[in-house]
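Work out the full structure: start from the sequences and follow the hints.
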Amino acid sequence: DIEDKMLKLGGVTPRLYSQVLRLAASCNIHTTLSTFSELKAEENEEFRTLELRSKKFVRQPARVMKSHNVVPPRYKRQKVDQDWGNVWPAARTFHPASVPLPVRQGYPASGQVTPDKWGNAELMKIPNFLHLTPPVIKRQCEALKKFCTPWPSGIETAAEQEKYFPVMVSKSTYLHSSPTLRDQKARIVTLRVSLKSLDLDDHGRDKLLRLVKNRHDPTTDCLTIVADRCPLSQQNYDYCFYLLTVLYNESMKTEPWEHEKEVADRERYIWEGSPSQAALQAIIDSNEDSTPEEVIEEYKKVVIDLHNEGEDEPTLSRYRDSVMKLVGLA
Amino acid sequence: NMAGTLLGRKPVKLLQRFLKSTFCHDVASSSQLSSEKIVIPNRIPRSPTAILEALASTVSRDSSGPHYKYHDDPYLTPGSNLSKRVFSLSKEAGRKAARWIRDENAAFFTHRPDDPFIEAFFPKMTYNEESNLSEETLRELIQKCSVSDAITVYQLSQSKGIELSDNVYQELLELVAYYNCEDPLDEDWVEERWYRQGVTAVRNTWKDNGLAEELFKSLSTKGSAAYGALIRGMAQYYQVDRAWQLYQECKEKNIPLDAGTYNSLIRVASFLRDSFDLRWQLVKELLTSMAESGVSPNLGTLNCTLEALSQVATWRQAKQLSLQVIAEFKSLGIQPCLATYYFLLTIHCRERGPISRILIDILDHIEGKQFEIEDPKDTFFFVTAMDVSRNHLQSLEVAQRVDKLLHTGNNYCLIGDSFKESIYYRHYFALACSTLIIEDFMEIYNDLVPHIYTPEPGVMEEVMKAISTHEAFEYLPQLWSDMIVFEHTSRDRLLSLVLSVLTKYQPSEENKQLTKQLATIAWDVWTRVQEQDETRHNKVSWNGLMIGDLLTTLVQCGEYDKSLIVMKEATTNAHKILGYIPVNALQILNNAAIEKEDAETCVSVAMYGLDAGHQETGEMVKQLQSKLNLSLEHQAKLSSAFGTELLNDSS
Numbered sequence: 001d002i003e004d005k006m007l008k009l010g011g012v013t014p015r016l017y018s019q020v021l022r023l024a025a026s027c028n029i030h031t032t033l034s035t036f037s038e039l040k041a042e043e044n045e046e047f048r049t050l051e052l053r054s055k056k057f058v059r060q061p062a063r064v065m066k067s068h069n070v071v072p073p074r075y076k077r078q079k080v081d082q083d084w085g086n087v088w089p090a091a092r093t094f095h096p097a098s099v100p101l102p103v104r105q106g107y108p109a110s111g112q113v114t115p116d117k118w119g120n121a122e123l124m125k126i127p128n129f130l131h132l133t134p135p136v137i138k139r140q141c142e143a144l145k146k147f148c149t150p151w152p153s154g155i156e157t158a159a160e161q162e163k164y165f166p167v168m169v170s171k172s173t174y175l176h177s178s179p180t181l182r183d184q185k186a187r188i189v190t191l192r193v194s195l196k197s198l199d200l201d202d203h204g205r206d207k208l209l210r211l212v213k214n215r216h217d218p219t220t221d222c223l224t225i226v227a228d229r230c231p232l233s234q235q236n237y238d239y240c241f242y243l244l245t246v247l248y249n250e251s252m253k254t255e256p257w258e259h260e261k262e263v264a265d266r267e268r269y270i271w272e273g274s275p276s277q278a279a280l281q282a283i284i285d286s287n288e289d290s291t292p293e294e295v296i297e298e299y300k301k302v303v304i305d306l307h308n309e310g311e312d313e314p315t316l317s318r319y320r321d322s323v324m325k326l327v328g329l330a
Numbered sequence: 001n002m003a004g005t006l007l008g009r010k011p012v013k014l015l016q017r018f019l020k021s022t023f024c025h026d027v028a029s030s031s032q033l034s035s036e037k038i039v040i041p042n043r044i045p046r047s048p049t050a051i052l053e054a055l056a057s058t059v060s061r062d063s064s065g066p067h068y069k070y071h072d073d074p075y076l077t078p079g080s081n082l083s084k085r086v087f088s089l090s091k092e093a094g095r096k097a098a099r100w101i102r103d104e105n106a107a108f109f110t111h112r113p114d115d116p117f118i119e120a121f122f123p124k125m126t127y128n129e130e131s132n133l134s135e136e137t138l139r140e141l142i143q144k145c146s147v148s149d150a151i152t153v154y155q156l157s158q159s160k161g162i163e164l165s166d167n168v169y170q171e172l173l174e175l176v177a178y179y180n181c182e183d184p185l186d187e188d189w190v191e192e193r194w195y196r197q198g199v200t201a202v203r204n205t206w207k208d209n210g211l212a213e214e215l216f217k218s219l220s221t222k223g224s225a226a227y228g229a230l231i232r233g234m235a236q237y238y239q240v241d242r243a244w245q246l247y248q249e250c251k252e253k254n255i256p257l258d259a260g261t262y263n264s265l266i267r268v269a270s271f272l273r274d275s276f277d278l279r280w281q282l283v284k285e286l287l288t289s290m291a292e293s294g295v296s297p298n299l300g301t302l303n304c305t306l307e308a309l310s311q312v313a314t315w316r317q318a319k320q321l322s323l324q325v326i327a328e329f330k331s332l333g334i335q336p337c338l339a340t341y342y343f344l345l346t347i348h349c350r351e352r353g354p355i356s357r358i359l360i361d362i363l364d365h366i367e368g369k370q371f372e373i374e375d376p377k378d379t380f381f382f383v384t385a386m387d388v389s390r391n392h393l394q395s396l397e398v399a400q401r402v403d404k405l406l407h408t409g410n411n412y413c414l415i416g417d418s419f420k421e422s423i424y425y426r427h428y429f430a431l432a433c434s435t436l437i438i439e440d441f442m443e444i445y446n447d448l449v450p451h452i453y454t455p456e457p458g459v460m461e462e463v464m465k466a467i468s469t470h471e472a473f474e475y476l477p478q479l480w481s482d483m484i485v486f487e488h489t490s491r492d493r494l495l496s497l498v499l500s501v502l503t504k505y506q507p508s509e510e511n512k513q514l515t516k517q518l519a520t521i522a523w524d525v526w527t528r529v530q531e532q533d534e535t536r537h538n539k540v541s542w543n544g545l546m547i548g549d550l551l552t553t554l555v556q557c558g559e560y561d562k563s564l565i566v567m568k569e570a571t572t573n574a575h576k577i578l579g580y581i582p583v584n585a586l587q588i589l590n591n592a593a594i595e596k597e598d599a600e601t602c603v604s605v606a607m608y609g610l611d612a613g614h615q616e617t618g619e620m621v622k623q624l625q626s627k628l629n630l631s632l633e634h635q636a637k638l639s640s641a642f643g644t645e646l647l648n649d650s651s
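Chains as they are written, first to last, in UniProt numbering: chain U, 1 to 330; chain L, 1 to 651.
Mixed in with the good hints, there may be bad ones.
As the list claims (entries may be wrong) - Label-pair distances were calculated between CB atoms; the ranges are: (1) U:P134 x L:K369: 33 to 39 Å; (2) U:T173 x L:R61: 28 to 34 Å; (3) L:E443 x U:V103: 25 to 31 Å; (4) U:T224 x L:T408: 50 to 56 Å; (5) L:E474 x U:R104: 31 to 37 Å; (6) U:V64 x L:E187: 39 to 45 Å.
For the record, the hints were derived by calculation from the structure and aren't laboratory data.
Predicted model only: the values in this text are computed from it and were never measured.
Yeah, the Cβ is synthetic: ideal placement off N, Cα and C, and Gly gets one too.
Right, here's the structure in full:
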């Protein structure tokens, strides 16, 4: 029936038809009439047909996937008493086939259980510490012990360390797995010293603080000098110490023009010679009864605090109390 | 706190400097420092990678995972030998392709961010007419051992008329003679080197009248270095006649030669003489002339002498001479290396000859030591030692000692290439299989297979035979799945062996699961063979024994229906099966059919038995008749086939 149709289309030899079908059969291709007509056209060198519309979608048969003989996942072969340090020697993204634990992570879809470990992006994103199990840490520490020298005696406590080694210098080195070994950040050197160990007097401390500005941390009373202006860390280190030397020496010196320091330049409020003192004196003088010493002292202290520590609830309330006492209303 | 910031090498030293450079002006504190001196111990010197090496020493092999070079995924882990080879070589082919692309398009790879400059990442320089050449370029290329580039540069400099000094000519001669004017396989192609079989045919491959000889002729003064280089090159590539000629020239002209040249001549002495004693005489001549010239022998001399002896190993005196040689060299202070021991083993542990326990003496000597490569033939030692333990001494204890030595320190590097490794493990495996009880053997199996060693079909056969002997059927499911992964399922010998082992299994109440598993295996064998591609060139075809075993197994494990399918296939396509199903299988099937009162099957079994010409078919028919009621149709069939007398006999 179909053969008759083919023959009727004209110019189709049975031989060509059988050739095509044999070819199609051996390739397991489902041959449609349209492809056949294309082949026929090529054979006879006819005029190409003008296709204004896009070609009809010819469905290809689904490829039969050859099933591979796959080894079962690795964790099935692992013994219970295996040496885990050999399986996971370094930090690694989570690999479900190697980890014998049935961990689950993630928010479950409605009606589902928590997603298991296979193909779990949540588990793979987070850092895992499977390479740092306690036995492995112990083993690595044992291996590194031969490079360690004992801690020097005499500097066990923090106080002793502060006393003998007041200066702390730190820098970082970087290791890259890339064509270049260098990293610019390795030149940065930080020097930290507590001002207590610098043995400065009042003036020296004041001068130093003015010189270093925000490099001083008032809470910890530490001076931090960061140097990165030189290309080598050795140079930056030398520069740090140079700065420290210069700062110290400069703050110990008193320049001739420093006496020009005015009230507005003072870093803290000084009671002696201030208008508050004069005012208090006036009040005391105007007071018939002699005001007790402690009230005066208290007022003095409170005013100093108010200026130095700023105005907030406790200082203001103390001031009020003191004034009341002074005036005699308390 | 202090502890946290004592980072890197510098700070301790810096702190020391700080202390010394009396920073604190306060006299009181400095006197405090001097009174209670804090002694900081000196830093322990270490190499740049010492810490990494120390940490690496805490990690050893994980037997559950594939080799580091493969991608660690269950789907991408190779199981069979072929896939391991294909995976590694294809990965390397990718690297080769990348390098080729880089070298083809050198103009695009000009970015140089690396500091210090890494030459291996940059496209290779090509030398042509326009390039700036000098003696330095040639020297550098010789240093890098890039033979073809050096030759090109040499030819270019000849055409350009650049003057080259005699030293450079000598260096180039040495290079070209050593490599025989060919580029060696690049050191980067580790996988190709690993899978390349090092055994090259022993025939003359020297390029006669090639560049080496041309250079030799063009040298103004042919000193001992030049002669030495040429003789060594010729001897290495087995151009022995010319090498001997040059040696005679040297003798006539009284040109001194060095130890390496003598060594290379000793090595090829076997090709210069025919009979055994003449060869040894030649070796002795060379050694004496070496001594006369005042050239002190070295390890190479020892190894070459022993190599010459190993080529006359069937000579009666060879063994004794080898021991004498070793003793004499020891008195000179030359310690033997692994290659020496290898030659000793080849001389003493011959196939046809008395059993020699020299390997045990050698092991006593070298147990626990670490070795570096000292001679190219060092890599042959472990394979030969394992071969000797298996075939010559047949002792697992010796084999285990050899294995322990192999795993000491860095000795595993001396296993050579993949071929030697697989042969080594093949011997070890086969020896363990024949010596150990099955549980211990399976421990070794689980440790080595499949990631370190994949058994070849021959070895797998031995394992199956051992299982059969010990009747350890619980290991069969694992072995069968391994066989699928190793792609052994297209070997008919193995399949028939598996089936015959399965028949020995007697199911019982306790191990129902094992019964099921074994039935699954049998059915799997059937399906795999049936579903083979028709066009395969080495198809597995059934033979009668295999079908018989299959039927037996299926029936014994309770898979009666499946056995019917097999029987049907056997009867309908009897022409595809080689031979006939043996009669005991038929009997088992017959008995099962009788129990199930399946007369149809019994009749077809009987017909088959008749076709096959089994004597016992008559008994089977009688049994059938007595136990079951046959329909008229069946009766008619049987009578037409067997004749009425048989049927009447029973009744």
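These are the hints, each one checked on the structure:
no., hint, in the structure
1, U:P134 x L:K369: 33 to 39 Å, "holds (35 Å)"
2, U:T173 x L:R61: 28 to 34 Å, "holds (32 Å)"
3, L:E443 x U:V103: 25 to 31 Å, "holds (29 Å)"
4, U:T224 x L:T408: 50 to 56 Å, "holds (53 Å)"
5, L:E474 x U:R104: 31 to 37 Å, "holds (33 Å)"
6, U:V64 x L:E187: 39 to 45 Å, "holds (44 Å)"
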